[in-house]
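S.K.: The chain contents come next:
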Amino acid sequence: MSRNGLLIDYEFCTGCHSCEAACKKELNLPAGKFGIKLAKNGPFKLNEVDDKWELTYVPVPTQLCNLCGDRVASGKKPNCVQHCQASVIEYGPVEELAVKLNNKARQVLFIP
Amino acid sequence: MSDDKKAQGNSGKVQWQEGDLTVTRTCSWTAPGCHDGCSVLYYTKGNKLVKVEGDPESQYNFGRLCMRCLNQPELVNDPNRVKWPMKRIGERGENKWERVTWDEAYDIIEKNVRNIWRDYGPESIVTAIGTGRNTWSIVPKLTYSAFKSPNFSMGFLAGDSCYLPRAAAMGTMIGDFFIVDASQLDERRYANPEWKRPECIIIWGNNPIISNGDGFLGHWIVDMMKMGTKLIVVDPYLTWFASRADYWLQLRPGTDATVVLAMLNVIIEEGLYDKDFVDKWTYGLDKLAERVKEYSPEKAEEISWVPAEKIREAARFFAKAKPASVQWGLAVDTQRAGVSVANGICALVAITGNLDVPGGQHLIRTAFGVDRLAHVSSDWGYGELSPEMRAKRIGTDKYPLFKYGLCATARGDSVLEAIETGRPYPVQMYWFESTNLFICTASEAKRVYKAMKKVPFVVCVDPVLTPSAVAFADLVLPAAMSIERSSLRTWWTPLRSISKILQYEDCKTDEEICLDLGKRLNPEQFPWDTVEDMIDWALKPAGVTYKELEAKVMMWPEVHYKKYEKGLLREDGEPGFNTDTGLVNLYQDIFDEWGLDPLPSHMEPPYSPISTPQLMKEYPLILTAGSRPWEFFHSEHRQSATLREFHPNPRLTINPETAEKLDIKDGDWVWIENNLGKVKQVAVLDPGIDPRVVHGEHAWWFPEKEAAEPTLFGAFESNINILTTQCTTGPTGYGAPLKNTICKVYKA
Amino acid sequence: MGENEKFDMNKDNTNKFTNYSFSDYASKNVKCPSCGMFNPPKLEKCRRCGTPVPKNG
Chain F
1 MSRNGLLIDY EFCTGCHSCE AACKKELNLP AGKFGIKLAK NGPFKLNEVD DKWELTYVPV
61 PTQLCNLCGD RVASGKKPNC VQHCQASVIE YGPVEELAVK LNNKARQVLF IP
Chain X
1 MSDDKKAQGN SGKVQWQEGD LTVTRTCSWT APGCHDGCSV LYYTKGNKLV KVEGDPESQY
61 NFGRLCMRCL NQPELVNDPN RVKWPMKRIG ERGENKWERV TWDEAYDIIE KNVRNIWRDY
121 GPESIVTAIG TGRNTWSIVP KLTYSAFKSP NFSMGFLAGD SCYLPRAAAM GTMIGDFFIV
181 DASQLDERRY ANPEWKRPEC IIIWGNNPII SNGDGFLGHW IVDMMKMGTK LIVVDPYLTW
241 FASRADYWLQ LRPGTDATVV LAMLNVIIEE GLYDKDFVDK WTYGLDKLAE RVKEYSPEKA
301 EEISWVPAEK IREAARFFAK AKPASVQWGL AVDTQRAGVS VANGICALVA ITGNLDVPGG
361 QHLIRTAFGV DRLAHVSSDW GYGELSPEMR AKRIGTDKYP LFKYGLCATA RGDSVLEAIE
421 TGRPYPVQMY WFESTNLFIC TASEAKRVYK AMKKVPFVVC VDPVLTPSAV AFADLVLPAA
481 MSIERSSLRT WWTPLRSISK ILQYEDCKTD EEICLDLGKR LNPEQFPWDT VEDMIDWALK
541 PAGVTYKELE AKVMMWPEVH YKKYEKGLLR EDGEPGFNTD TGLVNLYQDI FDEWGLDPLP
601 SHMEPPYSPI STPQLMKEYP LILTAGSRPW EFFHSEHRQS ATLREFHPNP RLTINPETAE
661 KLDIKDGDWV WIENNLGKVK QVAVLDPGID PRVVHGEHAW WFPEKEAAEP TLFGAFESNI
721 NILTTQCTTG PTGYGAPLKN TICKVYKA
Chain V
1 MGENEKFDMN KDNTNKFTNY SFSDYASKNV KCPSCGMFNP PKLEKCRRCG TPVPKNG
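Residue numbers (this note's numbering), protein chains in the order written: chain F, 1 to 112; chain X, 1 to 748; chain V, 1 to 57.
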C-alpha cells in the first residue's frame, strides 16, 4: 500500500495560519507546539530592474503530524487540508500526488 | 466534493451526533466578529462549545475557515465574559459593579429614556455600533423605534470612514452597491456558465484575504488567481497580493485620488473606455474628461510617489481587460478626499463597461430582499420617525450627503462635538453595542475618552467587559454570541439562518434586548410576541419561516446581470440606474446643489509633507495604521491564548533602512509619537514598506492587565488612535485621515 | 403597518424596492424622450442632450 502525503502549492499559500490553528485544535496542542508550521521567505526584491518580489509561505508538517488518521478514517479530510483558506494543501497517496507535483511549478510534496 | 459528502454520511442534515458530540450546521456572524458569515459545523457537548469546523458542503466558504473561527471556543467559553446585567456602584472607571436582574436593568433604562424624552427630547439619545456586525440592523430599529431618536451612529468613527464614504459615493453616482463578482451570487459558483473569470482585479487599499470586508470573502480572489485572474494592487505596503500582482502601485498614504484620476486621464485621453456604455448609460463624461486633464500621471507621481509610467501601464492594462473589477477597501474611506476617491473608482469601473457584467462589478442587493436582521442596513424604523425628528439627525445640517447616502447615519465627529459643546443639543444618553469606542473606532482617543465621561447616562451591551465598558458605562448588559443567537444573515447572499445552540449564563441576544425594550417603550412599532415572530416577519419576502430556513440552512436567489438594461434597478421599472438621472453620474448635479464639487479631486491629508512641511522636521515619518492582522477582528480576540501565541503584541512595521538610521532592531519596543501623544509598539523590520512610511496596528488593549483605571486594560499604552484626529474631514463630511498622519519613532 | 408595506415591495424578488431615501429623489424625475436621462421636473430641456422634456402630468 502506498504512503500518503501532503502536496502543497506554495505559489498560492497566503500564510493565513488556518492550517496551524486547525492542527492545534485537532491534536489539542499547547502553546509552542505545532503539527504543521508556516515557514516564510521574504519579502525581498528579486532584482532591481523590474518590480518583482519574493514573498513565500510554505506550511511544513512536523513530527507531530499524523495525517489526521482518525478524521480520514471517518471520511473527512485532514483538518489542515479542509480549512486551508487558499485550498493549497492536498492529501492523498504519494504516487497520485507525485503526478500532480510534476504538472505545476512552485509545489512541494511532504511525507510526514 | 460529492465523494466527501457520501463519506460523511451527514449530507444535508442540520444536526447529528458524532460520538458524544452534537454537530450543528449553521452560519456564524458576530460575536466573535468579522464581516463574513461563513458556514460552520459547531461541535457541542451539552451546553458547551467544543470545536468549530467549516461546513464542507457550503458553496460560500467550501469548508474552509480562518483561524479566528477555528479558535471560537476560546472566546465563547472565556470565563471573563459578562455573565449578567451589571450596575455600576463605584465611580466610572473603578470597575465596581453590582449584579442586577434584566427587569431591574430595563427599569433603569426605561426611567432614564422617559425622563430624557420629557426633559430634552428623544434626539438626546445617541446609539453606536461597531463595524460589520449583526447589530447593524437591530440597533437602528432600537434607536428609531424604541428610543424614538434619529441618532444611530458608527460611534465616533472620524468621517464615518468605514464603507460609508464609498456607500455615499455609490448612492449618488450609481444608485446601488457594487461588489466584485466571484460568482458568489450563484450556488454553482465558478461553474455557473453565465459567469466569466475576471481578467483583472484591482485591489485598492485593502488586504481582503485578511479583512474580508463588506460581505466579500477575500480568498475568492485567490481562487480566481488560480484560474488566471491578474492583479493590480494599490497599497503602500507589499501585501501578499502585491507580491503577486502584475502592477503594484506603492503610493503615499492618502493620495489615492491622484492615482485614480490619473488612470482616468489615461483611459479617457487614449480612448480606452467603453464608448457604447458611456453613450447609453452615463452622464457627464465631457466634464470628467476636463477635470482629469488636471491630473496627468506626472502630476500624480509628484504627489503620490507612484511612477507615472506605471500608472499609465496599469490604466491601460485595466481598461483592456474584460471583464475587470475593483476590490476596494477601507483605505479609500480613510482620507479627506475619501468620497472623491470612491467617485473616481466608480467612474473607472463604469466607463470601462464593467458594471453588472458577469465577472465585473456586480450591482448587488440582499438575497430575496431580506435585509432586516440579516444585513448591515441602517434604515429599519427610520421611515416611521417624523420628518421633524429625522431633520434632527446630528451632522446632517452641515453635511447634506449624510441625508442621502446609502446607509446614512448620524455623523460621528458631529456627535463628539455635540457632547463637548452641547450644540445643537446636549447628548444625555449614549448606548453602545458591540463597539469599543476609544480603543478601536474613535480617533484622538484621549479626547473621546474625556468627552464620554461627560455623558450623564451610558449603557454598554457587549459579550466582553471592554475598556470602554469599564471607563464609561453605568450599566453593562451581557450580549450573546453568534452560537447563542437565533437570527438571519444575507449581506449579500445567500440567505442563511443563524441557529441558537447554547445559552451562556444570563446573556440575551441583541434581538431579544431590542424587542424587550421596544415593547416597553413603543409597543406599536414592535408587533411581535417573540424574536422568532420578528424573524418570521423579516423573512416574509423570501416566503419561508425561520424554522423552514433552518431546515434548509441556506437559500440561494437567482442572479441577474445587466439589470440596468432590464428595468430591474429602478422603482418605476424603467431601464437605467437608480439615480436621479437614471444614468451613472460621472458629473453630479446633486453635489452642485449641495454646494459640493460635482467632480472628484485630490485633497491633501491635514498633516503631510505637502500640507505641513515644517512639521515634518519634527515628525519625519508618515504614519499609516490599522491594516488587519489574521488573528484579530478590530479590538476583539485579545483574550484568546492561541491567537495571542501567534500575535502577542502590537506591531509597528518599519523599513530596515529607516530602522537602521534610528538604531531600531527587529523586536524592539518603540515609541510612536506626534503632537497628540505617544504609544508603544514592537518594531517589525520589513522592506515591503516605503522607508518614509511606518505602519502601526490598531485596536490594542490587554485583557490580561488590570481593568480599573488608570491601567484600564492598558487602554492608552499601544492605542494607535491616540495619534489620529477627529473632526478633520473633507467638505462632504465623509472621510478622515485615519491612515495618513505623521509621527516620529524612537526606541522605548 | 407602513414598514411592512415598504418591505414587501420586494417579496417576489423583483429587486424593485426603495430602501434608501435617495430613491425618492430618483423617482420624481422626468425621462427625456430622446436620450433617456431623467431630469428634475422643473427643467424644460434635457441637461444631457437639450431635447425639450415633457411636463409630468
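Just so you know, these hints were derived from the structure itself, not from any lab.
In this text, all values refer to a predicted model and were calculated from it rather than measured experimentally.
Don't be surprised by glycine CBs; every beta carbon is placed ideally from N, CA and C.
Treat the hints with care, since some could be wrong.
[What the hints assert, rightly or not] DMTMM-like cross-link-like pairs, simulated, lysine to aspartate or glutamate; straight-line CA separation at most 25 Å:
{"hint": "1", "chain 1": "X", "residue 1": "Lys230", "chain 2": "F", "residue 2": "Glu95"}
{"hint": "2", "chain 1": "X", "residue 1": "Lys322", "chain 2": "X", "residue 2": "Asp286"}
{"hint": "3", "chain 1": "X", "residue 1": "Lys87", "chain 2": "X", "residue 2": "Glu618"}
{"hint": "4", "chain 1": "V", "residue 1": "Lys31", "chain 2": "X", "residue 2": "Glu505"}
[What the hints assert, rightly or not] DEER-style ranges, computed between Cβ atoms:
{"hint": "5", "chain 1": "X", "residue 1": "Pro648", "chain 2": "F", "residue 2": "Arg106", "range": "28 to 36 Å"}
{"hint": "6", "chain 1": "F", "residue 1": "Lys100", "chain 2": "X", "residue 2": "Val14", "range": "34 to 42 Å"}
{"hint": "7", "chain 1": "X", "residue 1": "Asn192", "chain 2": "F", "residue 2": "Leu29", "range": "34 to 42 Å"}
{"hint": "8", "chain 1": "X", "residue 1": "Asp533", "chain 2": "F", "residue 2": "Glu95", "range": "52 to 60 Å"}
{"hint": "9", "chain 1": "F", "residue 1": "Pro93", "chain 2": "X", "residue 2": "Glu657", "range": "33 to 41 Å"}
{"hint": "10", "chain 1": "X", "residue 1": "Thr530", "chain 2": "F", "residue 2": "Leu64", "range": "32 to 40 Å"}
{"hint": "11", "chain 1": "X", "residue 1": "Asp533", "chain 2": "F", "residue 2": "Gly69", "range": "41 to 49 Å"}
{"hint": "12", "chain 1": "X", "residue 1": "Asp506", "chain 2": "F", "residue 2": "Leu29", "range": "49 to 57 Å"}
S.K.: Against the structure, test the hints numbered earlier, and report the numbers of the ones violated in rising order.
M.R.: Violated hints: 1, 3, 4, 9, 10 and 12; rest satisfied.
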